[in-house]
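Colleague: Protein chains in written order, with the UniProt record's numbering: chain A, 1 to 86; chain B, 1 to 246; chain C, 1 to 589; chain D, 1 to 119.
Because the hints were derived from the structure by calculation, they are not lab data.
Here a beta-carbon is modelled for each residue, glycine too, at the ideal position from N, C-alpha and C.
Hints may be right or wrong, so weigh each one.
[As the list claims (entries may be wrong)] A few chain A residues facing chain B, derived, Cβ under 7 Å:
hint, residue
1, ASP51
2, LEU54
3, SER55
4, ALA58
5, VAL59
6, LEU63
7, LEU67
8, ARG73
9, LYS74
Listed here are the chains, written in short residue letters.
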Amino acid sequence: MSDALILVALLLVAATATAAVAQRDPARQALVLSVLGVFLAVLFTVLQAPDVGLSQLAVGAALTPLLIMLSVRKIRRRRRDRDGAR
Amino acid sequence: MSRRLRLWLLAVGGAGLAAVLAAACLELPGFGGRSHPYGTRAVRASLARHTANTIASVNFDQRAYDTLGEMSILFAAVLGCVVLLRQARDEHRERPRPAQVARPVRRYALLVVPAALVCGLYIVAHGQLSPGGGFQGGVVAATALHLLYLGADYRALERVRPLGAFEATDALSVCAYLVLGLAGVLAGTAFLANTLLPYGTFNTLSSGGFVPLLNAAVGMEVASAVVVLLANFLDQAVEIVEEEAG
Amino acid sequence: MHHLLPLLVAVPLLGAALLAAAGRRLPRPAAELTGLLVCAATAALALVLLLNSSPPVVEWAGGWVPVGGESVGIEVIGDGPSLGMATLVSLLTLSALAYSWRYFDEPPRGHAGSFPALMLVFQGAMCGFALAGDLFNAFVFFELMSVVAYALTGFRIDEAKAVQGALTFGVVNSLGAYAMLTGIGLLYARTGELSMSKIGRGLDTAAGHGGPDALVLAAFVLVLTGLLVKAATVPFHFWLPDAHAVAPTPVCMLLSGVMVELGVYGVWRVYGTVFAGPGGIPAADLTRALVTLGVLTAVTGAVMCWYQRHIKRLLAFSTIAHTGLFLVAVGVLTPEGDDGAALYILGHAGVKAALFACAGALLDRFGSVDEHELHGRARELRATGVLFAVGGLALAGLPPFGTGLGKAVSEEAVGGPLTVVYVLASAVTAGAVLRVAARVFLGLGPPPEDTDAYETSGSAERPETSGLLRRVPDTMTTVPAVLLAAALAMGTVPGFGDLVARSVNEAGSGGARASAAWTLHGVLLGLVSAALAVALATAAVTRSHRPSAPAWMTPLRRLQSGHVGDYVAWLLLGSTLLAALALPGVLGG
Amino acid sequence: MSALMQVLPYLIAAYVFLTGCYGLATSRNLIHAVGCLSVCQVSTYILLLAVGYRSGGTAPVFSDIKPGTRPLVDPVVQALTLTDIVVGATVTALLLALVLQIVKRHGTLDPDELRELRG
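Extracted from the complex, chain A is given alone in its bound form:
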């Protein structure tokens, strides 16, 4: 039973990681990374590592994507300002 769960979680992680690399738009990539973070948290929990799962949830699913989104926003705003000035 637990093996099956682990297998599913592993495959989901592999698939999402591929998607995160394949998604070339940073804003969307941040979302995919967030999903990857959640799947990893699930994987870690079924691997009996709740501590790690929890921090992956906090860092991988929330903090890192948030930082990426903020960077994307900064760059978009910069472009808009530049275009507006022109």
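Chain A is fixed; fit chains B, C and D onto it per the hints.
Modeller: Frame of chain A; chains B, C and D shown alone:
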């Protein structure tokens, strides 16, 4: 180098490394194996020092020196981000306009923020007992604070977030961790030795000697570090504007 | 005494944390003075510990002294090489801080303490890495020193080149660190241990009589990939010139003087403790791998160095060339080789830091580090010019500089045709430095003409001080002078070489003893290198037209593309190459 | 446990590492590249935790189980992974800060268009 050439290089290098890694994976002990000598010792040591969560014991007692390095990485990265994201010569700050927030969102955020903060603190406080600890709780608490940005606006967030105080807290928590470590040296045992305090009753909040203290220091550090980190990125995204290039 | 070992990490970190906490209130001189004092205190502690490091001591952080040979704590090693590196790190940080005394323009507003604080963290991290006896702990400090180094490299955010170089540095080194961690994971899976010595024993037990297998090979390749990225070995070296050429000068002194060398030290430590046993990588394979990569590195570094016009970049490539030489000396796996590498690293640190310090004086005085643009303009900077030229000669290994002693001992150790590599690499890099000295400080020869070659020029750089300096402050000439004097002392103080050799051999080399003193052979080879360097510089300066790079150079230059994707591809290729070089031992076993 | 399951977690870790490297090398956007780097790092988490897993084991947290009654998974790798996760987040933050400055100074996010350092 042309794109084609790079792809070729990548293909050769990647294939080679893939072969090496695959061969190594086949030699690894099977997944789910029984032999974990260090792990077994760590569990024994953790129980001997009345720390219910072995991971907390490894992090804050047995390998507390690693955690010092990790804390310093976070501290250095925050310091680095503050330096790298400072206002450059050709930039100025613009006050963001007060934002209109829909009432349900506002109500929801104001409800969730305290709950999330308490949740973060709880996770920090119970680090040596149940899954969680300084890192996880610290990140949760710091991220929770930023829900205010959703619920109210950037100015409200800035009011509850005196950045200088958070930066100082970040640094002072590192100091606290180091001072706790140095206490061991002064007492004639080793750096970061967990031998000065009684180990307490198993499975209570004050068990584990130094573990709860170090855990609290890390919790404070992580929380304030994440706040400062997010603040710097938010400043870039919201406030700092480049002057028009001449 | 051994309880004090972790203080080499704790004291600078504490100083940094206090500086950061008080940074908003502290006036700038107070912050810089605090930084200097903390750094000096750590250096003194390191020196005291170094003098008491025979026989080598071991400290268990947290007081987890092994019971029945097993511990759950972290091993901190205090032997000659580790404490020697820690002392070198501390002294060099001290000189970098002294050099930058009141020197940067605006510190970030309200953060006067941040530059000295980052330097102190850097110092603590490098000390921690040098002392690490636990593989994961080594990774943690490896990351810490990398993270600080990225931030310090990009410190001048107004500079386009600086931020690009810092990002390249960050991506490539982080990837190397993750490779290293993967290797550590593999080793942990096999042996269930993290302490280097226990992993080594675990590998031997697991192998039985069978010798190494694919897992050991993969772990070796991955761990070494991380360390060799740090050591800027071809083909992992591309990040180095991009980062070292753009970092603030005091940071360059540390990056080139000691951080890169810590990578070589890491290779020595990890191989000697983890992979040297019968279950590890056979000596012949290690020698093949390190000598091949080392020679490749020395040649590439020297050739690229010769064709640079950006002075800091030129110095960065000469660091690459010398790292290759260190790697060859370590790779031959003899006690003499270890001694030679140790002495060479010590001498090189002083000389290279002094050269960077002189380049920094040029940058702040003229706002340029371009050899062509500065032609003849720096005649007034006599002291700096003399120091730069002396540094060039020392780089060539002119006796009696410490670099010369290290080079002589290494040449003795490697013997045969490899000696030629030593002579040529040191002569070419030193020749490039002397050529710059002749053109910039003396204005010799016709001014070179610009061509639109594929290269980085060093003109139109922003000085690191507020505005161009009218005269070079005393600190900026005293520091390189002291550093060069130290490099000279290493070669002249009687018995210094033997002292280093004894403490290195006590820690490794299986108890064998070698002596490290000047020999006639070594003195002659040093003189040959220096003469060759002078001849090369003279030829370059007196030739009427610009020595434009020959056609065969173009592809080599184009590889240094500044493109982070290229560098990642090279990293993968490099680890494959490393695996191929070490493969025969695994197949044979 | 099937033979495939014995090695699959390790192979997936290796696959994720190489995928991240591929993304990093072919990236046309520096923010995307930083994301790919964090994918590379994910592989180290998977590897470490897979190495420490034990079939039928439980988390070594004794607030609700009695010591010695159940087989336990390895706590050390979990502590290492925790450290690793924090390291990853900080490196990402620092690199993103550098990317922001690159955009300001070079006006582009495409590594192909950065031409300041070469040769």
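Colleague: Tell me if LEU63/A is really an interface residue toward chain B, meaning its C-beta lies closer than 7 Å to one of theirs.
Modeller: Holds, because the Cβ-Cβ distance from LEU63/A to chain B comes to roughly 6 Å (cut-off 7 Å).
Colleague: Does the nearest C-beta of chain B fall within a distance shorter than 7 Å of the C-beta of ARG73/A?
Modeller: holds (4 Å)
Colleague: Do the numbers back the hint for ALA58/A, that is, is its least Cβ distance to chain B under 7 Å?
Modeller: Hint on ALA58/A: holds, closest Cβ of chain B at ~4 Å, below 7 Å.
Colleague: Was the hint right that LYS74/A lines chain B, CB cutoff 7 Å?
Modeller: holds (4 Å)
Colleague: Holds or violated: is there a CB of chain B closer than 7 Å to the CB of LEU54/A?
Modeller: holds (4 Å)
Colleague: Using Cβ atoms only, decide whether ASP51/A comes closer than 7 Å to chain B, and label the hint accordingly.
Modeller: holds (5 Å)
Colleague: Please verify that hint: VAL59/A, Cβ, nearest Cβ of chain B, below 7 Å or not.
Modeller: holds (6 Å)
Colleague: Holds or violated: is the Cβ of LEU67/A closer than 7 Å to a Cβ in chain B?
Modeller: holds (6 Å)
Colleague: Regarding the hint that SER55/A lies at the interface with chain B, is the smallest CB-CB distance below 7 Å?
Modeller: With a minimum Cβ separation of about 5 Å from chain B (threshold 7 Å), the hint on SER55/A holds.
Comparing the model with each earlier hint shows no violations; every hint is respected.
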